[in-house]
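Asks: What follows is each chain in one-letter form.
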Amino acid sequence: MAKSIGKVRSHLVQNEKLLFELSTPGKVGYQLPALDVPEVAPEKALGGGQVRTEIEDFPEVSEVEVIRHFTRLSTWNYGIDLGLFPLGSCTMKYNPRINEAVARAEGLAWAHPYQPESLSQGAMEIIAVLERHLAEIFGHDAVTLQPAAGAHGEYTGIMLVRAYLESQGNPRKKVIVPDSAHGTNPATAIIAGYDVVTVKSNEHGMVDPAALAMAVDEDVAAMMITNPNTVGVFEENIVKICGILHAKGAQAYMDGANLNALVGIARPGDFGIDVLHSNLHKTFSTPHGGGGPGAGAVGVKAHLEPFLPEPRLKQAGEQWTWDYDRPQSIGRVRAYYGNFGVLVRALAYIMAHGGPGLKNATIDALLNANYIRARLKDRFKIAYDAPSMHECVFEDSVQEKQGARTGDIAKRLIDYGFHPYTVSFPLIVHGALMIEPTETEPKAELDAFCDALLAIASEVESNPETVKQAPEMTRTSRVDEVTAARKPVVRWKPVPR
Amino acid sequence: MLQACGLGSLDELYGHLPAEALLGRPLNIPAGVSEYEIGEYFKEQAGRNANGYASFLGAGVYAHFRPVLCDVVASRGEFLTSYTPYQAEMAQGTLTTIFEFQTMVCQLTGMEVANASMYDGSTAVPEAAMMASRVTGRQGFLAAANLHPEYRQVLDTAARNARMHVEGFGYDAETGRADLKALEGKISAETACVILQSPNFFGIVEDVKAAADLAHKHGALLVVVVAEAVSLGLMEPPRDADIVAGELQSFAISPSYGGPFAGIIATKEKYIRQIPGRLVGETKDADGNRAYCLTLSTREQHIRREKATSNICTNQALIALMATVFMSVYGKQGLRELAGQNLSKAHYLADGLDLRFKGPFFNEFVARPRGRTPEEANAALLDKKIIGGLPLGRFFPELKDSMLICATEMSKRADMDAVKETL
Chain A
1 MAKSIGKVRS
11 HLVQNEKLLF
21 ELSTPGKVGY
31 QLPALDVPEV
41 APEKALGGGQ
51 VRTEIEDFPE
61 VSEVEVIRHF
71 TRLSTWNYGI
81 DLGLFPLGSC
91 TMKYNPRINE
101 AVARAEGLAW
111 AHPYQPESLS
121 QGAMEIIAVL
131 ERHLAEIFGH
141 DAVTLQPAAG
151 AHGEYTGIML
161 VRAYLESQGN
171 PRKKVIVPDS
181 AHGTNPATAI
191 IAGYDVVTVK
201 SNEHGMVDPA
211 ALAMAVDEDV
221 AAMMITNPNT
231 VGVFEENIVK
241 ICGILHAKGA
251 QAYMDGANLN
261 ALVGIARPGD
271 FGIDVLHSNL
281 HKTFSTPHGG
291 GGPGAGAVGV
301 KAHLEPFLPE
311 PRLKQAGEQW
321 TWDYDRPQSI
331 GRVRAYYGNF
341 GVLVRALAYI
351 MAHGGPGLKN
361 ATIDALLNAN
371 YIRARLKDRF
381 KIAYDAPSMH
391 ECVFEDSVQE
401 KQGARTGDIA
411 KRLIDYGFHP
421 YTVSFPLIVH
431 GALMIEPTET
441 EPKAELDAFC
451 DALLAIASEV
461 ESNPETVKQA
471 PEMTRTSRVD
481 EVTAARKPVV
491 RWKPVPR
Chain B
498 MLQACGLGSL
508 DELYGHLPAE
518 ALLGRPLNIP
528 AGVSEYEIGE
538 YFKEQAGRNA
548 NGYASFLGAG
558 VYAHFRPVLC
568 DVVASRGEFL
578 TSYTPYQAEM
588 AQGTLTTIFE
598 FQTMVCQLTG
608 MEVANASMYD
618 GSTAVPEAAM
628 MASRVTGRQG
638 FLAAANLHPE
648 YRQVLDTAAR
658 NARMHVEGFG
668 YDAETGRADL
678 KALEGKISAE
688 TACVILQSPN
698 FFGIVEDVKA
708 AADLAHKHGA
718 LLVVVVAEAV
728 SLGLMEPPRD
738 ADIVAGELQS
748 FAISPSYGGP
758 FAGIIATKEK
768 YIRQIPGRLV
778 GETKDADGNR
788 AYCLTLSTRE
798 QHIRREKATS
808 NICTNQALIA
818 LMATVFMSVY
828 GKQGLRELAG
838 QNLSKAHYLA
848 DGLDLRFKGP
858 FFNEFVARPR
868 GRTPEEANAA
878 LLDKKIIGGL
888 PLGRFFPELK
898 DSMLICATEM
908 SKRADMDAVK
918 ETL
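Respectively, the protein sequence lines represent chains A and B.
Note that this note's numbering has the first sequence beginning at 1, numbered continuously upward.
Note that this note's numbering has the second sequence beginning at 498, numbered continuously upward.
This is chain B alone, in the form it adopts within the complex (with noise of 0.2 Å):
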């Protein structure tokens, strides 16, 4: 091959490169090991994290059972050591899969169009505020503050460099839900969208149509966020939303220490031209016959460059695949059961717990531990191999003295009786 190249030596490879950019010495990286060793490294490593611990965190990160089809799909060549689907006539399985989803996505949230999925629902947020701006034309964004704390921050990291304005607005204290009489107070001309999370993240669901009302008569657009896409099998969607941005790590997704996971936003159709990312749309062949290609790509960077509705390239095809595996294999029956049971499971949970608020919620809650704090209450349950809730006291000074917690279908009941007794 080097003789084809008209070369003398592998060095000459790269031997035109100035004197003074290269390395010169070998990388100080251990010398390469085997496929056995690298198993036992991660082996030696996974089994300093938790293992056989039963859990009750949630928090934007919930533990389901992954039906097996969805690794097995995942798995396949095909699609894993597939790229962004440019060459249609090579890629219709990455494009029928990913049509699939954004109707999916569509039927779940109740909206009419939906693109082909973001990193996550963190940056999802700021996607869908930034769309709201094109949109309205305005800079003021509205976020409740029960959002998740982690997207909010994620959110003003974003506004703050696109010379944008967050601000929040507050939770009433006794249910747990917005004060909607506070985003009252501060919605302006100057408001582009309110974003409002349900279940917000203390799990509790939101009046929806109410905060809808009181967006659009200040022309502002309402982002509705879901972290816990099981709710949208029993929950009526937002449907009053004008977009709606979340996670869908609760569809097969597992936790992986918080990531890669599978962000949406799905939309009203008048709006389709200021989605970002990626949207798969149906077309016909040379010979008629339906087939379906990325489309509008006129919005992304690889074509638009400084004009583009977003610099959004990668998005999370393989983690999109899994959850629709996941949505097809439960299907309309199943993910109503699925989320049947995660209410049942959270109801019988916090049942005689000491709940924070009184808002109705849906397979997590705020509860105060009796007579000590959630970290003693923790360290108590993590004696009998139980990961408890989550201390809101990071997040939310005034709520120190509380705990998040979160059933699934995966909780058992002796686990949960012993969370019952220890809180």
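With the rest of the complex left out, here is chain A (with noise of 0.2 Å):
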């Protein structure tokens, strides 16, 4: 391969142990202060029953040690500080560290959640400004940051159609959800009591008004959709999807993983969604931190406003006070008010773009993945031929023929230096290659990445075992998933002596 095309790729470190492997009895990393009040004998306080006599196996290692074993594993991992992470409805952009810097405040970061309201309205006010920005950007009346992730705020978003329904006399029996659909969205609509019937996508990928009229009937209670769809592309009909489902009496829910394709344009409230999630970690830029922590804001219609979780932020005066007294509430759905770090990150992201800053950087997030469909277009197969939004999705059939699939491919982008895209999903393209470069990529960058994956296309063509073998440049070579799950070890456990 040639050696100008690509970016991050070695491994600095090869060989690091386990933390237990490094241990040594008698090894400490820390130090406590000297004990400002009479030591309790544990035997005494608690009952010796209820004293361990040691944490068997537990790590014993030196303060630099610790920092060296972190640090070694740091350099195994790839992240966007690295380079392009083009992962798929993932929205992996840059996250600004002035975000990180913000919820360190002390203020913020030592502020308990059950500290009186009186010494926490800066907390809460910055609660009620993020919830007001979300709902002018999504179009709707009412925001809760409650929910912990997306597939959370999936979670709330359907218990708010059934507790709306059921105020209305009939909870229903189904949720339909397209073909296209993130898994979460059918996992959701079972854990909240639903039925789930699919929909097929027709051949534009898009949702087919005709075939959802015959599905939709007085026992559906909602429709999950994602919109730019799992492909990339508007819902071109989604006006008239929303108005089959309001007429049948059925509520519009939106999967807002995509929502980067929509800031500033368009506004899912606007074209009839009634309840929304949206991924604070993806649009608003916070750190997916290797799967977390995320935060899944849900914002809905006024008729769903009195059924969100409790508590909420209502204004007494002057002062923020939380209003506990929610009747026809769902109840709460986590503890406290939300992964509230998440949520200061989110809103000093909306700061620093503002209004118009925000509309450009989803311009931008346009741009950048309709220039990569450009580029790749004459060597890969488009899914569809629709316009794309913020992400671009092809099929691996040109490349399938010399026997190379989208994961080999996928793993061979790895040995030119970035992370790969989404692989195989969405289920309904053959062998997806699902690519989203976001706003924050510069042009060299998406260049640099459009020519590894034509570097790749050439090699499947000339020299496809390589691309099979995959990757060749990277500390591990292709990792085992079948035998992990076959027998699993979940866990270390010494070696028997």
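Calculated directly from the structure, the hints in this document are not laboratory data.
All C-beta atoms in this analysis are idealised placements derived from N, C-alpha and C, irrespective of residue type, glycine included.
Incorrect hints may appear among the rest.
The calculated lysine-lysine pairs, modelled on DSS-like cross-linking and capped at a C-alpha distance of 30 Å, are [unchecked claim]:
1. K714(B) with K678(B)
2. K314(A) with K882(B)
3. K767(B) with K781(B)
4. K7(A) with K381(A)
5. K44(A) with K909(B)
6. K17(A) with K765(B)
7. K714(B) with K781(B)
8. K881(B) with K917(B)
9. K804(B) with K200(A)
10. K487(A) with K767(B)
11. K443(A) with K377(A)
12. K909(B) with K540(B)
13. K706(B) with K493(A)
14. K678(B) with K765(B)
15. K468(A) with K377(A)
16. K44(A) with K706(B)
17. K174(A) with K881(B)
18. K487(A) with K909(B)
19. K17(A) with K27(A)
20. K44(A) with K767(B)
21. K17(A) with K706(B)
22. K487(A) with K804(B)
23. K881(B) with K314(A)
24. K493(A) with K909(B)
25. K540(B) with K314(A)
26. K781(B) with K468(A)
27. K44(A) with K855(B)
28. K881(B) with K897(B)
29. K493(A) with K781(B)
30. K200(A) with K401(A)
31. K359(A) with K882(B)
32. K487(A) with K897(B)
33. K781(B) with K7(A)
34. K44(A) with K882(B)
35. K781(B) with K804(B)
Quick partial rundown of chain B residues pointing at chain A, CB under 8 Å, derived from the structure [as the list claims (entries may be wrong)]:
36. S572
37. Q636
38. A656
39. A679
40. I816
With the hints in hand, could you dock these two chains into one complex?
Replies: Spelled out as structure tokens, the structure:
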């Protein structure tokens, strides 16, 4: 492979044992202040049977060993700070560091959820302002910030639908989900107590209004729709789709995973969506952190507002107060008030951009995705001809003829120093390559990424085995996931002496 | 770039959207501001919260010292800005730390397997209950009245929507422990699990073994909830439980007005395929070297869709990483000493106060202020820049004369003396 193509390759560290294997009996890495009160004997205070002898096999390492261990492990990782992270539907944009700094301000980081409201006004104000800005962005009347993640927001949203319909006399039985939907959608509908009805996408990758009209009856509580959908295409009939649902008394739920394509341009509330969740760790730049924490804001139209999780913020004179007197509320979905630290970061992002900046970011996200599409479309088959929004989805049908599938191309991309795109999703695309660059990528980075994929397309023609054996430049070669699942080993155990 | 896309203007990028869907006006959000101004705004808001107060609040959120290394490691871009480790060859760092996390959670709780984390303690409870329902094929849950009231509310919400049934059982008014006689009267062949918190919401250590025996006699599982993880440094782990659901906020996670935190679910090996959420497993790469990857994903929503064990997708990897660093820094000796300091400080604080319950407690307890209400006592303490305990009337009307008070290794003797004087 040409060394001039690609970015971040090497793993600095090759060998690092697990903490347990690094331990030496008696070694410590901490120091506590001297106890300024009389020491209490645990056996006396708790009763002998309640005191453990020791935490068997727990680590015993020094401070320098701790930092070296985790720093070494960090070199086996890849993050946005190293380069493009084009996971479709995941919106891996740059995470501004001012967000991290402000979330650590002492008065915010050390605020206890039960401290007096009079000493929590700053935290409450932050929540109130973020709710207001998100309501404006969504086109909704109210927003709850209690859900801890996107899937948790979905769950909250569907429970709101159930509570609303129950108040109308009938919670109904079914939730409609397109076959292109994220897996969380059907899983959510089930745990919220609904049966799932899947509708097929049409030849443009969109929901077909005629087919939908056939599926919607008086038993349908809601449809969960993603817009732009998971093939990166705006549902051109969205207004009609919401109309079909509403005509039968059903609710329109939108999965806002792809909201990064719409902010400042189009508002779900305006095109008929009753309830929406938005992943603040996607559109609003809070870091993914290797899989969380996130936050799943949920926006609703006024008719759903009485059912939002309790408590709700309320103004009492000059002060904010938490209102627990919410008789129609679905109840709590999480203790306290949500992932507050994530909310702080999201508000910092919105403030940095402002209204005009948010719209510009959206346009740049669309431009970057369309640029990648234009550069790759001659070598990779685009899944659907409809215009792309913030991501573009190809299929691997050309490369498959040489035996290389989307998963192989993804692994080869690692050799070129980029994180792969989303592999094999959505399921309706044959061997999907789902690419979302986000607005924060400079053109040079997009070009380097496209050069790498084009080089791989050539390798597939000339030397498919290289692609099928990839990666070769990483610390570990291809990891055997099948064996891991067959004989699960999910914790370290000492080797028997 | 526009030219490469075959477009004449930026507006054409979304020109195909139906006109009725377009916003057609600027967002009503003020124009962007500089990094400096953002910093000033949040400094101002932080200044309107409590600053410079000593606090004796616990109740599920504990003020423990955060070793500097926790933020140093979690701030590394390779961890902070990475994604869920689907591409194992590019995420061995995250995968290895999660494997260590799962191992340490097992060592702490006395369980055999643990997942990669849940959102928090409150959401781990319904996930554990649903798991018990899958294992037993039953739909009823019995929750101790001294379970964290907000955890109970989250459980109620989830159960109602899943068409399952939660019933409470009381606590002993003298000891503050769960009333196992009351439990015995309610447990039946419909009970999927008994849910017991230890130390419970009143800070009191429960008799896990007795509750387990009772649950098992009726074919139900025992779910033990641990909200104060530091207690596990000293206390016998709930080995007799079938599932441990808990909160790791105590391990280097700042209170942050209630989140983000990290929950745990740990259980016996035989239930591994019923665990919700992510699991990391050990395997080998193509060259036979040890490697890690996400595993048993056939339980999960992105593969199983409507047949998944849970809809959970995102977990709390970065928070779990901080907790992992915390556990590494303190280690075997440190966690015990830390727990010992908490125990000693809380008992110093409690000495001479009017304790509501007689059961053994770890680092928090229920006390009745003498001659004034909890609210009046707290108001007097606020004048001394001390945030007192949590008045319990809002959750337990029968305890409206009492407050829940917590001491940790960060509680200073002088502040504790001021509290003792006021109560």
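Asks: A separate judgement is required for each hint: does it hold in the structure or not?
Replies: Evaluation of the provided hints:
1. A threshold of 30 Å between alpha carbons decides the hint, and for K714(B) with K678(B) the separation of about 14 Å falls inside it, so the pair holds.
2. Among the hinted pairs, K314(A) with K882(B) is consistent with the structure: their alpha-carbon atoms are about 27 Å apart, no more than 30 Å.
3. Restraint check: the Cα-Cα separation between K767(B) and K781(B) comes to about 23 Å, which is no more than 30 Å; the hinted pair holds.
4. Between K7(A) and K381(A), the direct Cα distance comes to roughly 25 Å. Compliance with the 30 Å bound is thereby established for this hinted pair.
5. Restraint check: the Cα-Cα separation between K44(A) and K909(B) comes to about 23 Å, which is no more than 30 Å; the hinted pair holds.
6. For the proposed pair K17(A) and K765(B), the alpha carbon gap of about 26 Å is at most 30 Å, so the pair holds.
7. In summary, the hint linking K714(B) to K781(B) is not supported, as the alpha carbons are separated by about 42 Å, beyond the 30 Å threshold.
8. Between the alpha carbons of K881(B) and K917(B) the distance comes to roughly 13 Å, so the proposed pair stays at or under 30 Å and holds.
9. Restraint check for K804(B) and K200(A): satisfied, since their Cα atoms lie roughly 19 Å apart, inside the 30 Å limit.
10. Of the pairs offered as hints, the one joining K487(A) and K767(B) holds, with about 13 Å between alpha carbons and a cut-off of 30 Å not exceeded.
11. Proposed proximity of K443(A) and K377(A) is supported: the alpha carbons are some 17 Å apart, at most 30 Å.
12. Distance restraint check for K909(B) and K540(B): the Cα-Cα separation of roughly 26 Å lies within the 30 Å cut-off, and the hinted pair is therefore satisfied.
13. With a C-alpha separation of about 25 Å, the suggested pairing of K706(B) with K493(A) holds against the 30 Å cut-off.
14. A threshold of 30 Å between alpha carbons decides the hint, and for K678(B) with K765(B) the separation of about 27 Å falls inside it, so the pair holds.
15. Proximity of K468(A) to K377(A) is assessed by CA-CA distance (about 22 Å); at most 30 Å being required, the pair is judged to hold.
16. Distance hint between K44(A) and K706(B) is fulfilled; the C-alpha atoms sit about 19 Å from each other, no more than 30 Å.
17. With a C-alpha separation of about 57 Å, the suggested pairing of K174(A) with K881(B) is violated against the 30 Å cut-off.
18. The hinted pair formed by K487(A) and K909(B) fails the criterion: a straight-line CA distance of about 50 Å is larger than 30 Å.
19. This hinted pair checks out: K17(A) and K27(A) have alpha carbons roughly 17 Å apart, not beyond 30 Å.
20. With a C-alpha separation of about 36 Å, the suggested pairing of K44(A) with K767(B) is violated against the 30 Å cut-off.
21. With a CA separation close to 37 Å, the supplied pair K17(A) and K706(B) exceeds the 30 Å bound.
22. The hinted pair formed by K487(A) and K804(B) meets the criterion: a straight-line CA distance of about 22 Å does not exceed 30 Å.
23. Straight-line distance between C-alpha atoms of K881(B) and K314(A) comes to about 29 Å, which keeps the hinted pair within the 30 Å bound.
24. Under the criterion of a C-alpha separation no larger than 30 Å, the hint pairing K493(A) with K909(B) is inconsistent with the structure, at around 40 Å.
25. As the CA atoms of K540(B) and K314(A) are separated by approximately 23 Å, the hinted pair is consistent with the 30 Å bound.
26. Taken as a hint, the K781(B) and K468(A) pair is honoured in the structure, with Cα atoms around 18 Å apart against an allowance of 30 Å.
27. Only pairs whose Cα atoms come within 30 Å are accepted, and K44(A) paired with K855(B) is accepted, the gap being roughly 14 Å.
28. Straight-line distance between C-alpha atoms of K881(B) and K897(B) comes to about 23 Å, which keeps the hinted pair within the 30 Å bound.
29. Distance hint between K493(A) and K781(B) is fulfilled; the C-alpha atoms sit about 17 Å from each other, no more than 30 Å.
30. As the CA atoms of K200(A) and K401(A) are separated by approximately 27 Å, the hinted pair is consistent with the 30 Å bound.
31. Pair hint K359(A) plus K882(B) does not hold up; C-alpha atoms about 45 Å apart against a cutoff of 30 Å.
32. Between K487(A) and K897(B) the alpha-carbon distance is near 53 Å, which puts this suggested pair outside the 30 Å criterion.
33. At most 30 Å may separate the alpha-carbon atoms for a hinted pair to count; K781(B) and K7(A) meet this at roughly 26 Å.
34. Among the hinted pairs, K44(A) with K882(B) is inconsistent with the structure: their alpha-carbon atoms are about 33 Å apart, more than 30 Å.
35. Between K781(B) and K804(B) the alpha-carbon distance is near 29 Å, which keeps this suggested pair within the 30 Å criterion.
36. A distance limit of 8 Å between C-beta atoms decides the matter here; for S572(B) the minimum to chain A is near 7 Å, and the interface restraint holds.
37. The closest approach between the C-beta of Q636(B) and any C-beta of chain A is roughly 12 Å, which is over the 8 Å cut-off, so the hint fails.
38. A distance limit of 8 Å between C-beta atoms decides the matter here; for A656(B) the minimum to chain A is near 10 Å, and the interface restraint is violated.
39. Interface hint status for A679(B): violated, as the beta-carbon distance to the closest one in chain A is roughly 22 Å, over 8 Å.
40. Using the Cβ-Cβ criterion of 8 Å, the hint placing I816(B) at the interface with chain A is satisfied: the shortest such distance is roughly 6 Å.
Consistency with the previously given hints fails for numbers 7, 17, 18, 20, 21, 24, 31, 32, 34, 37, 38 and 39, ordered from lowest to highest.
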